[in-house]
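S.K.: Residue numbers (our numbering), protein chains in the order written: chain L, 99 to 213; chain H, 15 to 127.
For the record, the hints were derived by calculation from the structure and aren't laboratory data. It should be emphasised that the depicted structure is a prediction, and the values quoted were computed from it without experimental measurement. Quick reminder that beta carbons are idealized off the backbone N, C-alpha and C, glycines included. Among the clues, some could well be false.
[What the hints assert, rightly or not] Simulated pairs of lysine-lysine, DSSO-like, Cα-Cα distance not exceeding 27 angstroms: (1) L/K111 <-> L/K155; (2) H/K82 <-> L/K111; (3) L/K111 <-> H/K15; (4) H/K82 <-> H/K15; (5) L/K111 <-> H/K56; (6) H/K15 <-> L/K155.
[Said to hold, decoys possible] Here chain L is said to cover these stretches of chain H; the calculated rule only asks that three of the stretch's residues, wherever they fall, bring their Cβ under 8 angstroms from a Cβ of chain L: (7) 50 to 60; (8) 92 to 100.
So the chains spell out like this:
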Amino acid sequence: KAGVTQTPRYLIKTRGQQVTLSCSPISGHRSVSWYQQTPGQGLQFLFEYFSETQRNKGNFPGRFSGRQFSNSRSEMNVSTLELGDSALYLCASSLGFRTGDYGYTFGSGTRLTVV
Amino acid sequence: KQEVTQIPAALSVPEGENLVLNCSFTDSAIYNLQWFRQDPGKGLTSLLLIQSSQREQTSGRLNASLDKSSGRSTLYIAASQPGDSATYLCAVRLGTSGSRLTFGEGTQLTVNP
Chain L
99 KAGVTQTPRY
109 LIKTRGQQVT
119 LSCSPISGHR
129 SVSWYQQTPG
139 QGLQFLFEYF
149 SETQRNKGNF
159 PGRFSGRQFS
169 NSRSEMNVST
179 LELGDSALYL
189 CASSLGFRTG
199 DYGYTFGSGT
209 RLTVV
Chain H
15 KQEVTQIPAA
25 LSVPEGENLV
35 LNCSFTDSAI
45 YNLQWFRQDP
55 GKGLTSLLLI
65 QSSQREQTSG
75 RLNASLDKSS
85 GRSTLYIAAS
95 QPGDSATYLC
105 AVRLGTSGSR
115 LTFGEGTQLT
125 VNP
């Protein structure tokens, strides 16, 4: 079966711009989580969506937002980009909120570079 | 606040060696623990998932153990191969944090031919 699909794979943006990243979870998975990975901070949780509702949010500024559609696909948006937003953004899907039996499957990530 | 620590940060071994990677966590009220592998510039590949009620999981040459009371997990890799070279990450999910995973910093493994 298809895995978690993230698009685009690579992105270069200028400071002040905004960006939208997309994540399509594994078919049947209803929970989508987003993580930011940087060399200095490691992997940090951004937010989690289940059934089109944000269920959990990490400690990131309001410039970071997301949403989930009825088909479970999710997008995250970063507005007013800063150099420090350069990172690998990873999406993970799971069968359901609080359903931990199956763990999480991650996508290949979107590499965002802010110049 | 849950903290996850992985030791060592980097490890270099000759091919064929058996090795152990360590992961410790501060809050023992975990729901499960998952080990991942990450190749440079790539996403995470799940290796093993251990539920809080389990003591260990095995997959091929990999064996992961969990000791909740001491806040530790180990990943044992038998007969290491150059293809095992990657960064290994452990991630803990607390029972009270929904689906949030807390990751360690990872162990960068190099297996030399």
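S.K.: Taken at face value, is the distance from the CA of H/K56 to the CA of L/K111 at most 27 angstroms?
M.R.: holds, 20 angstroms
S.K.: Between the alpha carbons of L/K111 and H/K15, is the straight-line distance 27 angstroms or under?
M.R.: The given pair, whose Cα atoms are some 34 angstroms apart, is violated under the 27 angstroms limit.
S.K.: Checking one constraint from the list: CA of H/K82 to CA of H/K15, max 27 angstroms. Satisfied?
M.R.: Given pair H/K82, H/K15 holds - Cα atoms ~16 angstroms apart, limit 27 angstroms.
S.K.: Are H/K82 and L/K111 close enough, with their CA atoms no more than 27 angstroms apart?
M.R.: Judged against 27 angstroms, a Cα distance of about 44 angstroms means the pair is violated.
S.K.: Has the region 50 to 60 of chain H got at least three residues whose CB is nearer than 8 angstroms to a CB belonging to chain L?
M.R.: holds (count 7)
S.K.: So if I understand the rule, the pair passes when the alpha-carbon distance is 27 angstroms or less; does L/K111 with L/K155 pass?
M.R.: holds, 25 angstroms
S.K.: Verify the proposed pairing of H/K15 with L/K155, using a straight-line Cα cut of 27 angstroms.
M.R.: Cα-Cα ~15 angstroms, so holds.
S.K.: Quick check: do three or more residues in the region 92 to 100 of chain H have a beta carbon closer than 8 angstroms to a beta carbon of chain L?
M.R.: violated (count 0)
Checked against the numbered hints given earlier, the structure breaks hints 2, 3, 8 and satisfies all the rest.
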